[in-house]
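Residue-level listing of the chains:
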Amino acid sequence: MSSKRTIAVTVNGTRYERKDVEVRLTLADFLRHELGLTGTHLGCEHGVCGACTILLDGKSARSCLLLAVQADGHKILTIEGIAPSADKMHPLQEAFRDNHGLQCGFCTPGMLTTLIEFLRDNPDPTEQEVRIAISGNLCRCTGYQGIVAAALDAAKRMRAAP
Amino acid sequence: MATITDQGTAKVGAQVGRSVPRLEGRDKVTGRAEYTHTMRLSGMLHVKLFRSTVAHGRIKSVDTSAAKKLPGVAHVVTIEDVRKVIPDPYYGPAFHDQPILADGKVRFVGEPVAAVLAADPHVAEQAAQLIVAEYEELPAVYDEVEALTSKVHVHDVLKPAGTFADLKHLKDAKGTNLALDYRLRRGDVDKAFASAAHVFEHEFRTQKVLHLSFEPHATIADYKDSGVTLHTASQGPSFVRTEIARLLGWPENKVRIKVPYLGSGYGSKLYIKLEALALALSMIARLPVKVALTMEEMFYQITKHPSTFRIKSGVDKDGKIIARKCEVYWNGGAYADIGPRVTQKSGLTASGPYDIDNVWIDSYALYTNMTPAGALRGFGVPQLVWAYESHTDMIARALKIDAVEFRRKNLLREGRPHPTGTVLKDAAIEKVLDRLVERINWKQPMDRGTGVVRRGRGLGIAIKAVISPTTSVAIVNVSADGSVALYCGTIDMGQGSDTAMAQMVGEVLNMPAESVRVVQRDTDVTPYDMGTLGSRSLFHMGHAVRRAAEDAQEKLKALACEVGEPEGSNIPIPALFVKKYGMQAGNVIGTGIYKPDYVPPAPGTGLSSNVTPFWMISGAGAEVEVDTETGHIKIAKLISVLDIGKSINPKIVETQISGAALMQLGFTMFEKMHLDGGQVTNASLADYKIPGFHDVPTAMENLTVDVTQSNGPFGAKGVGEVSTFCVSPAIANAIDDAVGVRLMELPLNPESVLRALRVKAGKPLGDE
Numbered sequence: 001m002s003s004k005r006t007i008a009v010t011v012n013g014t015r016y017e018r019k020d021v022e023v024r025l026t027l028a029d030f031l032r033h034e035l036g037l038t039g040t041h042l043g044c045e046h047g048v049c050g051a052c053t054i055l056l057d058g059k060s061a062r063s064c065l066l067l068a069v070q071a072d073g074h075k076i077l078t079i080e081g082i083a084p085s086a087d088k089m090h091p092l093q094e095a096f097r098d099n100h101g102l103q104c105g106f107c108t109p110g111m112l113t114t115l116i117e118f119l120r121d122n123p124d125p126t127e128q129e130v131r132i133a134i135s136g137n138l139c140r141c142t143g144y145q146g147i148v149a150a151a152l153d154a155a156k157r158m159r160a161a162p
Numbered sequence: 163m164a165t166i167t168d169q170g171t172a173k174v175g176a177q178v179g180r181s182v183p184r185l186e187g188r189d190k191v192t193g194r195a196e197y198t199h200t201m202r203l204s205g206m207l208h209v210k211l212f213r214s215t216v217a218h219g220r221i222k223s224v225d226t227s228a229a230k231k232l233p234g235v236a237h238v239v240t241i242e243d244v245r246k247v248i249p250d251p252y253y254g255p256a257f258h259d260q261p262i263l264a265d266g267k268v269r270f271v272g273e274p275v276a277a278v279l280a281a282d283p284h285v286a287e288q289a290a291q292l293i294v295a296e297y298e299e300l301p302a303v304y305d306e307v308e309a310l311t312s313k314v315h316v317h318d319v320l321k322p323a324g325t326f327a328d329l330k331h332l333k334d335a336k337g338t339n340l341a342l343d344y345r346l347r348r349g350d351v352d353k354a355f356a357s358a359a360h361v362f363e364h365e366f367r368t369q370k371v372l373h374l375s376f377e378p379h380a381t382i383a384d385y386k387d388s389g390v391t392l393h394t395a396s397q398g399p400s401f402v403r404t405e406i407a408r409l410l411g412w413p414e415n416k417v418r419i420k421v422p423y424l425g426s427g428y429g430s431k432l433y434i435k436l437e438a439l440a441l442a443l444s445m446i447a448r449l450p451v452k453v454a455l456t457m458e459e460m461f462y463q464i465t466k467h468p469s470t471f472r473i474k475s476g477v478d479k480d481g482k483i484i485a486r487k488c489e490v491y492w493n494g495g496a497y498a499d500i501g502p503r504v505t506q507k508s509g510l511t512a513s514g515p516y517d518i519d520n521v522w523i524d525s526y527a528l529y530t531n532m533t534p535a536g537a538l539r540g541f542g543v544p545q546l547v548w549a550y551e552s553h554t555d556m557i558a559r560a561l562k563i564d565a566v567e568f569r570r571k572n573l574l575r576e577g578r579p580h581p582t583g584t585v586l587k588d589a590a591i592e593k594v595l596d597r598l599v600e601r602i603n604w605k606q607p608m609d610r611g612t613g614v615v616r617r618g619r620g621l622g623i624a625i626k627a628v629i630s631p632t633t634s635v636a637i638v639n640v641s642a643d644g645s646v647a648l649y650c651g652t653i654d655m656g657q658g659s660d661t662a663m664a665q666m667v668g669e670v671l672n673m674p675a676e677s678v679r680v681v682q683r684d685t686d687v688t689p690y691d692m693g694t695l696g697s698r699s700l701f702h703m704g705h706a707v708r709r710a711a712e713d714a715q716e717k718l719k720a721l722a723c724e725v726g727e728p729e730g731s732n733i734p735i736p737a738l739f740v741k742k743y744g745m746q747a748g749n750v751i752g753t754g755i756y757k758p759d760y761v762p763p764a765p766g767t768g769l770s771s772n773v774t775p776f777w778m779i780s781g782a783g784a785e786v787e788v789d790t791e792t793g794h795i796k797i798a799k800l801i802s803v804l805d806i807g808k809s810i811n812p813k814i815v816e817t818q819i820s821g822a823a824l825m826q827l828g829f830t831m832f833e834k835m836h837l838d839g840g841q842v843t844n845a846s847l848a849d850y851k852i853p854g855f856h857d858v859p860t861a862m863e864n865l866t867v868d869v870t871q872s873n874g875p876f877g878a879k880g881v882g883e884v885s886t887f888c889v890s891p892a893i894a895n896a897i898d899d900a901v902g903v904r905l906m907e908l909p910l911n912p913e914s915v916l917r918a919l920r921v922k923a924g925k926p927l928g929d930e
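Sequence order for the protein chains is G and U. Note that our numbering has the first sequence beginning at 1, numbered continuously upward. Note that our numbering has the second sequence beginning at 163, numbered continuously upward.
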C-alpha cells in the first residue's frame, strides 16, 4: 500500500530536496511531522477554521486541504518563517502580542499568515477590509476585536518601517 | 524590602491594574508554544477509536479479527483487555459511571467501543473501519423532562464517586435517571401564589451545543511500572492525578500529569476525559500512547447541557415579585461527568438577582442517551438566565411596566439575603444595571425602523455563585540571583492567567510581572489546585499566589534580619543570599493556600448562610434589527457590563468579556447540534457554525463597573464566564421589542423568528 513520491520544496527559505512522501500525506502533516514545524496547527481538518493556513508561493492556502505532493517545486512560508530573524519578530507578530490579538493561540498562526498576504497587498486597509480579509479564519476565544485592532496596528507599524 | 534590578521594560512596582501583554505572547505568535495535540514521544503509538452507532443497546459482539490482521496494527483493545490491566475500569468526577471502553452496553451514539493502536495513525484509522459490532438495540431516552419519569434507564445502578465535598450526599440508586436533585425551599410559595395579583408561568428550553475548543482533546500516556506520566490537554491536572492514581491503586506520587498550553477549554477539558483510556492503552502497549481526537470526534466527548426550565412567578399589585417557582431539568447525557455539580451550583441561583421572599427551586440532573454534558463557560447559569430574564421581561411587558423599572422594583440589594440565605455582599447589581441603561440609551426613544426592517432593544441582568468550597495552593520560589518562579496549577488556556498571577507576585515582591517565571503545569512540581473552572482561579489561586508571595517576602525579611541587616534594609536580594551562603546559593520558598469559608446547602431546603465567597454579576443589552420578511436578525449593538471587582489586567479582562459574549452569541443565534435518533447529523465545523468575523455585532462594548471585591486578591474576582450570562435573553427581549414575538427556545435563528411572525400574523408555516 506504500505509494510514495519524491518531492522538492522550499520552506521558510530552506530548500528540501528528495523528500519521499506518501501520496496521501497532507501538506499540514508534512510540515508538522516530517519537518517538525508544529506551529502550523490543525483544527477542523477540512478547510473551515483556517488554523493551518500557510503561504504557497505567497498566496494563502489551507495546508490541511493540500497534499504534500502538490507542494512539489513550490515555495512555502509558515508561521516559523514570518519573523525577519530568530531574535526579531515581524511587526505583525509584535502587534498581535501588544494588542492582545490572541488568547489560546491555536488559531493565531493561521491569522498571521493570512494577514501577511493581505497587508502585503493592501498596506493601508480600513477596518472593514481587515474583517473581510480574515473572515475565512475562525477564533473561538477572542471575540475578534483584538485581532482586528492588532491587524490595523500592524499595518501602521509596517507603513512606518517598510 | 529589597528590590531586584530591572528585569524587563516595565517599571518596578504597581503591577496590578496594568495591561501587561501576555507572558507567552511571543511563543504564540512565533508558533513556538507547545500544545498536547502537536506533541509526539519516541516510540509512541497512535490511537483511533471505533464508536457506537446506536444510542442505547447491549453489545452482542465486537469482531476485531480483520482489524488485528492489518499490517502495522499493534493492538486492538476492547473492555475485556482493559479489565486485565485495570480491574474496575470506571471513572468520573461525580459518579464512577463511565467505562474506559463500552462495557456490555452502549449508552450514546459515538461512545468508544474499541481502540486500535498503531505507529501510523492512518493504519489505525483504516483498521478501526474493519471492526464490526452487533448490538441488541434498546429503547432510548433523549428528552430531559421525559427522562425523569421514563421507564428507560440509562444506567442500572448509579455509582456516586464521593470525590468532592459538595457532592458527598449523592447516594446509590437504582431504576432512575436522576443523578441529582437540588432543592431550595424558602418561605411558602403556594400561599404567596394564592395571594398574588398576577401569576405568570412559562417554559424555556435550550439546545445541545459544543465547546469546540480549537485544540481538540489530546492525551499522551507513558506507563512504566515505576510510574506513569500523562501529557494532557486538561483544565484540572490535580484531579486527573487523583483519578488516575485511584484507577491504578497507586499513591499519587507515582502519577505525573503535565499540561502545556491549552488550545482553549471552556470547560470541555475539565476533570477526566481521555486520560483513563490513554492510561489503559499505554499499560497494554507498554509504550507511550497518544489519544487525540479530531474536531468531529469532539461532538462525542462532552457538550453543554440542554435544559428545560419551567418558571412561575407571583406578582403583587405594585409589581413586586412575591413568589417564584423554578423547575430546571438538565440533560446530562449518558455519563454524569460534572452535571450534578452544574445542577446544584447553578440551581441555587435559578430565581435570579431578585429579592423574593418565597422561592421554590427543583434542579434535576438527568441521564439520557446522548453525548455526556458537562461544564461550559457558566456552569449552567447561561441556561438559567436565558429563562429567568426572558420571563422577567414578559412579566414587565404584560403588566405594562418599563422593563428596567420592573427590575429595579425587585432587585436584590446589598445586605439583603439571597434566596439561599447568604447575605449579598460586593454584588454591584444596581450599578451594573445603571451603566447598562446609560450605554444603551434606555431612557431615549430609539429609531424603530420602517417597512420590513424593525428595530428593538432588550437587556438582562444576572447573578452567579462561584463553585465552592475549593482549594488552591501556590509556591513562590526566589532564587539566589533574585529571580522568581511561580508554581501554580491554574491552566493558562488563553484566559491570561499566567500573566495575571505573575502580576500579583510582582505586586507583592515589587518587581515587573514580566520578570516572574510561571512554571509549566506538572503535578510533580506544581502543587494542588482544584481546577481551572467557573471563573474561580483569579480569586482562589490569586489568594494562594498572593499569600505565597507574601510568605516569601516575610522569609526574605527574616533572612535580612538573620544576616544582620538593619530594619528596612535596601539590600539587593542577590547580595542577601551571598551574605547568607557566601556565594550565589540557596532559595527562599514561600507557600500559600486558599480555601474559602463555606456552609453547605442544608438538605431539603438548600439554604446556606455562606454559599459562595463571591458573587458574579453581569448585565447585557442588545439592539437588533429584524427583517420581518425573512426572520433575519442583525445584532446592531451588544453591550456587556460586569462587576468583576478590580481588574488585575484591564486589557485581558476586556478580551475575556468580548470572547465570552461572542461565544454566547453563537449559542444564542445559531449553534445547535442536530440530533436524529441520538445521532449528531452536523458533527463538523463545516456544518456546525460558530461565530466568525461577520457575526460580530456592529458595535460591541465590553465594560466593567468601578468597584472593589473586598475579600478578593487586590480587590479582584473572576471574569472568564461572566459576560455569557445575559446575552441570550437580552437578544430575545430585543426581538420581542422589535417585532412583538416571543421565542421560548434557543437558538433564535431566522427560521424561529419567521415561524413566530407567521403564527402572530395568523398564517403559520407548515412543519416542512
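Keep in mind that a hint or two might mislead.
[What the hints assert, rightly or not] Straight-line distance between alpha carbons at most 30 Å, and here's what the computed BS3-like set of lysine-lysine pairs gives:
#, chain 1, residue 1, chain 2, residue 2
1, U, K813, G, K156
2, U, K799, G, K156
3, U, K799, U, K922
4, G, K59, U, K230
5, G, K88, G, K4
6, G, K4, U, K230
7, U, K813, G, K88
[What the hints assert, rightly or not] Computed far set for chain U versus chain G, every beta-carbon distance over 12 Å:
#, residue
8, V307
9, V585
10, K741
11, L800
12, K813
13, I814
To be clear, the hints were calculated from the coordinates, so they are not data collected in a lab. All C-beta atoms, glycine included, are put in the ideal place defined by N, C-alpha and C.
- [ ] Against the structure, test the hints numbered earlier, and report the numbers of the ones violated in rising order.
- [x] Failing hints, ascending: 4, 5, 11, 12 and 13.
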